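Q: Here is what each chain is made of, one letter per residue.
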Amino acid sequence: MASHSVGAALPSEEPRQASTSVFAEPAWVRLLLIVVGVGFLGVVVILPVALVFEQAFALGAGFYLDAIRDPDTVSALRLTLTVAAIVVPLNAIFGVAAAWAITKFDFRGKSILITLIDLPLAVSPVVAGLIYVLIFGAQGYIGPWMREHDIRVIFALPGIALATTFVTFPLVARSLIPVMQDVGREYEEAAVSLGASGWRTFWSVTLPQAKWGLLYGIILCNARAMGEFGAVAVVSGKITGKTDTLPLRVEKLDKAFDTTSAFAVASMLVALAVVTLVLKVIVEWRTSDHESGPGSPAREHV
Amino acid sequence: MTIEIHHLTKQFGDFTAVDDVSMRVEEGSLTALLGPSGSGKTTVLRMIAGLEVPDGGRIVVGDRDVTDVRAQDRNIGFVFQQYALFKHMRVQDNIAFPLKVRKWKKDAVRERVAELLALLRLDGLGGRYPNQISGGQRQRVALARALAARPQVLLLDEPFSALDARVRDELREWLRGLHEQLHVTSVFVTHDQGEAMELADEVVVMNQGRVAQSGTPQSIVREPNSPFVMNFLGRVNELRGEAKHGEATLEGLRVPFPGANGSTVPVVGYVRPRCLELTTAAAAGALPVSVVRVVSSGDVAKVHLVTREGSSLVAELDQSALDGLAPDGGVEGGEFHARPKDIRVFEVEPAVARPAGD
Numbered sequence: 000m001a002s003h004s005v006g007a008a009l010p011s012e013e014p015r016q017a018s019t020s021v022f023a024e025p026a027w028v029r030l031l032l033i034v035v036g037v038g039f040l041g042v043v044v045i046l047p048v049a050l051v052f053e054q055a056f057a058l059g060a061g062f063y064l065d066a067i068r069d070p071d072t073v074s075a076l077r078l079t080l081t082v083a084a085i086v087v088p089l090n091a092i093f094g095v096a097a098a099w100a101i102t103k104f105d106f107r108g109k110s111i112l113i114t115l116i117d118l119p120l121a122v123s124p125v126v127a128g129l130i131y132v133l134i135f136g137a138q139g140y141i142g143p144w145m146r147e148h149d150i151r152v153i154f155a156l157p158g159i160a161l162a163t164t165f166v167t168f169p170l171v172a173r174s175l176i177p178v179m180q181d182v183g184r185e186y187e188e189a190a191v192s193l194g195a196s197g198w199r200t201f202w203s204v205t206l207p208q209a210k211w212g213l214l215y216g217i218i219l220c221n222a223r224a225m226g227e228f229g230a231v232a233v234v235s236g237k238i239t240g241k242t243d244t245l246p247l248r249v250e251k252l253d254k255a256f257d258t259t260s261a262f263a264v265a266s267m268l269v270a271l272a273v274v275t276l277v278l279k280v281i282v283e284w285r286t287s288d289h290e291s292g293p294g295s296p297a298r299e300h301v
Numbered sequence: 000m001t002i003e004i005h006h007l008t009k010q011f012g013d014f015t016a017v018d019d020v021s022m023r024v025e026e027g028s029l030t031a032l033l034g035p036s037g038s039g040k041t042t043v044l045r046m047i048a049g050l051e052v053p054d055g056g057r058i059v060v061g062d063r064d065v066t067d068v069r070a071q072d073r074n075i076g077f078v079f080q081q082y083a084l085f086k087h088m089r090v091q092d093n094i095a096f097p098l099k100v101r102k103w104k105k106d107a108v109r110e111r112v113a114e115l116l117a118l119l120r121l122d123g124l125g126g127r128y129p130n131q132i133s134g135g136q137r138q139r140v141a142l143a144r145a146l147a148a149r150p151q152v153l154l155l156d157e158p159f160s161a162l163d164a165r166v167r168d169e170l171r172e173w174l175r176g177l178h179e180q181l182h183v184t185s186v187f188v189t190h191d192q193g194e195a196m197e198l199a200d201e202v203v204v205m206n207q208g209r210v211a212q213s214g215t216p217q218s219i220v221r222e223p224n225s226p227f228v229m230n231f232l233g234r235v236n237e238l239r240g241e242a243k244h245g246e247a248t249l250e251g252l253r254v255p256f257p258g259a260n261g262s263t264v265p266v267v268g269y270v271r272p273r274c275l276e277l278t279t280a281a282a283a284g285a286l287p288v289s290v291v292r293v294v295s296s297g298d299v300a301k302v303h304l305v306t307r308e309g310s311s312l313v314a315e316l317d318q319s320a321l322d323g324l325a326p327d328g329g330v331e332g333g334e335f336h337a338r339p340k341d342i343r344v345f346e347v348e349p350a351v352a353r354p355a356g357d
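Chains as they are written, first to last, in numbering that gives the first Met the number 0: chain A, 0 to 301; chain B, 0 to 357.
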């Protein structure tokens with residue numbers, strides 16, 4: 000990780016550079032900033048996460064294993080992973096298409112599209128859930144017709160996936176747009192002048208250069224899809240063993256005063272997040288060995 | 000392949016970037032499009048490549064009209080100013096890109112890439128990434144990539160502007176040698192007249208979207224056809240005056256000017272600093288001047304002069320010639336006579352008092 004862009008952009012790499020640069024601050028300022036940064040992180044992030052695991056194992060490893068092997072919990076885990084597996088690819092495709100349209104073309108209604116992409120970030124997730132109940136619910140616009148044809152959306156997987164998609168769809172587009180704007184037209188023009196079709200240019204030149212933005216967007220999208228509570232709570236109906244996702248399961252166990260089981264299931268969510276982060280680091284480490292990401296200053300090795 | 004351009008025009012909003020440009024690039028030649036920024040030279044180059052769509056006119060490469068052919072189907076090599084190397088591909092993959100796009104067989108690709116790496120003195124660098132090589136090497140990779148699919152035409156946009164001066168001179172000579180070896184019809188854009196004169200067989204000087212003059216470097220240096228070209232090719236002294244009956248009078252200096260008939264027209268004469276001779280004695284065709292200042296840089300001295308009518312002139316003399324004028328060393332403040340060895344006189348156009356671009 001020592002010699003490449005993404006690594007170099009991390010704060011952890013900074014102190015060595017800072018000591019030789021003209022921006023070198025007095026030692027006490029650096030110390031203060033590090034203490035504040037690390038301290039804040041400790042209180043707000045590390046301590047609660049540690050507490051989750053501490054509470055989860057409060058009644059011993061045996062109890063913990065029983066809690067996570069509970070059939071209802073396993074079903075919730077399966078549903079959460081299924082939803083993520085549907086939502087993340089969907090939003091990745093949408094995000095790439097939207098970012099491509101916004102950064103490469105000028106068209107009518109472009110600013111409206113940009114605003115609409117941001118809408119889910121501005122709307123409360125509960126509202127997002129209610130929108131789908133209003134459309135597909137028993138008293139909704141097309142709910143009765145769907146019931147006649149035995150199509151279930153609300154209180155079923157499709158509803159949960161839809162609500163989660165709504166809540167997470169800005170994340171990929173939002174992380175891609177600035178990166179794709181940065182890449183610049185020149186590379187695409189080069190590819191085209193070398194004989195590549197538009198499609199080939201996109202796959203071989205545009206997307207690889209924007210892959211950090213895409214990866215970051217997918218990780219954010221995945222994390223949010225697995226952790227979403229509000230919107231899912233409205234549409235899922237919380238049928239134990241059927242339409243409970245992990246976050247809903249945690250809440251249910253907590254409400255039933257089964258605190259230790261709640262923390263055990265919560266620790267699974269944390270573990271999923273950690274897996275995501277580890278994946279991210281591995282991908283970064285593998286691909287950034289030889290190259291710098293877009294936008295980073297090119298290094299001269301003469 | 001020859002390139003023929005017929006009445007090409009291009010507007011960007013209200014700005015006319017290219018205005019009725021026609022030119023012909025001979026097969027196997029190295030042609031420079033020379034002009035100040037905003038003269039439309041890069042736009043012409045980009046239209047030849049198909050990266051810009053002309054508003055009017057035709058572009059013919061060889062015997063094929065490519066005006067409506069897409070950029071990817073033109074088979075024209077283009078070297079970008081900042082090279083536009085794909086950062087996520089190794090040097091060899093950059094060079095192989097146009098071949099893979101054309102579905103060459105693996106062996107053929109490998110062979111061609113090796114050939115180009117050798118030709119462009121990039122041996123051993125095939126496995127590096129673009130950010131692991133020097134600026135000069137990057138430029139050669141960009142060239143190799145542009146040449147890989149054996150294009151009919153090679154276009155280069157300001158090929159040396161991103162390099163420092165020492166590398167630039169070296170690469171210039173080398174590029175000239177490469178062109179003589181390959182004989183691919185090549186066009187490059189530059190704002191540096193020295194670069195154009197040194198490298199090109201043919202130079203097309205552009206100004207405000209139009210062709211100001213075209214020809215061999217020698218013909219353009221010897222016979223600039225307009226005040227703009229005169230000014231753009233280097234520093235000039237201006238002498239203003241009037242012309243009548245085939246003769247111009249510039250601050251008392253009489254010069255033949257065949258263009259003038261019975262009516263008086265305002266004219267301006269241009270003299271290069273190298274073409275001003277200083278003498279102690281009055282001579283025919285010489286102006287009395289006084290020396291304001293002498294700036295010597297080794298062999299050559301710049302002598303700043305002022306005429307009787309107050310015009311400032313600069314003469315460039317060999318230091319030895321200057322020493323001959325005043326053996327005791329006191330040239331500054333002295334009175335001399337300046338004789339232009341070569342003077343070019345143009346009628347002053349009412350609209351363009353002073354040409355742009357200098």
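Hints in this document: simulated from the structure, not taken from any laboratory. Bear in mind the structure is a predicted one, so any value in this text is a computation, not a measurement. Please note that a few of the clues may not be correct.
Claimed, not checked - SDA-like mimics (lysine to any residue), calculated; alpha carbons at most 25 Å apart, straight line:
#1 A/Lys103 with B/Met196
#2 B/Lys301 with B/Met196
#3 B/Lys99 with A/Gly197
#4 B/Lys102 with A/Phe201
To be verified - Beta-carbon label-pair distances, calculated as ranges:
#5 B/Leu181 with A/Thr114: 52 to 58 Å
#6 A/Val37 with B/Val166: 43 to 49 Å
#7 A/Ile134 with B/His6: 32 to 38 Å
#8 A/Gln180 with B/Leu118: 35 to 41 Å
Said to hold, decoys possible - A few chain B positions that, by computed beta-carbon distances, are all more than 10 Å from chain A:
#9 Asp19
#10 Gln71
#11 Asp72
#12 Asn74
#13 Gln81
#14 Lys86
#15 His87
#16 Ala107
#17 Asp122
#18 Ala145
#19 Asp191
#20 Gly284
#21 Ser295
#22 Ser319
Virtual Cβ for every residue (Gly too), placed ideally from N, Cα, C.
Q: All the hints need checking, so say for each whether the structure fits it.
A: Here is what the structure says about each hint:
no., hint, result
1, A/Lys103 with B/Met196, "violated (39 Å)"
2, B/Lys301 with B/Met196, "holds (23 Å)"
3, B/Lys99 with A/Gly197, "holds (15 Å)"
4, B/Lys102 with A/Phe201, "holds (17 Å)"
5, B/Leu181 with A/Thr114: 52 to 58 Å, "holds (53 Å)"
6, A/Val37 with B/Val166: 43 to 49 Å, "holds (46 Å)"
7, A/Ile134 with B/His6: 32 to 38 Å, "violated (59 Å)"
8, A/Gln180 with B/Leu118: 35 to 41 Å, "holds (37 Å)"
9, Asp19, "holds (25 Å)"
10, Gln71, "violated (5 Å)"
11, Asp72, "violated (8 Å)"
12, Asn74, "violated (7 Å)"
13, Gln81, "violated (7 Å)"
14, Lys86, "violated (6 Å)"
15, His87, "violated (5 Å)"
16, Ala107, "holds (15 Å)"
17, Asp122, "holds (16 Å)"
18, Ala145, "violated (8 Å)"
19, Asp191, "holds (21 Å)"
20, Gly284, "holds (54 Å)"
21, Ser295, "holds (37 Å)"
22, Ser319, "holds (42 Å)"
Checked against the numbered hints above, the structure violates hints 1, 7, 10, 11, 12, 13, 14, 15 and 18; every other hint is satisfied.
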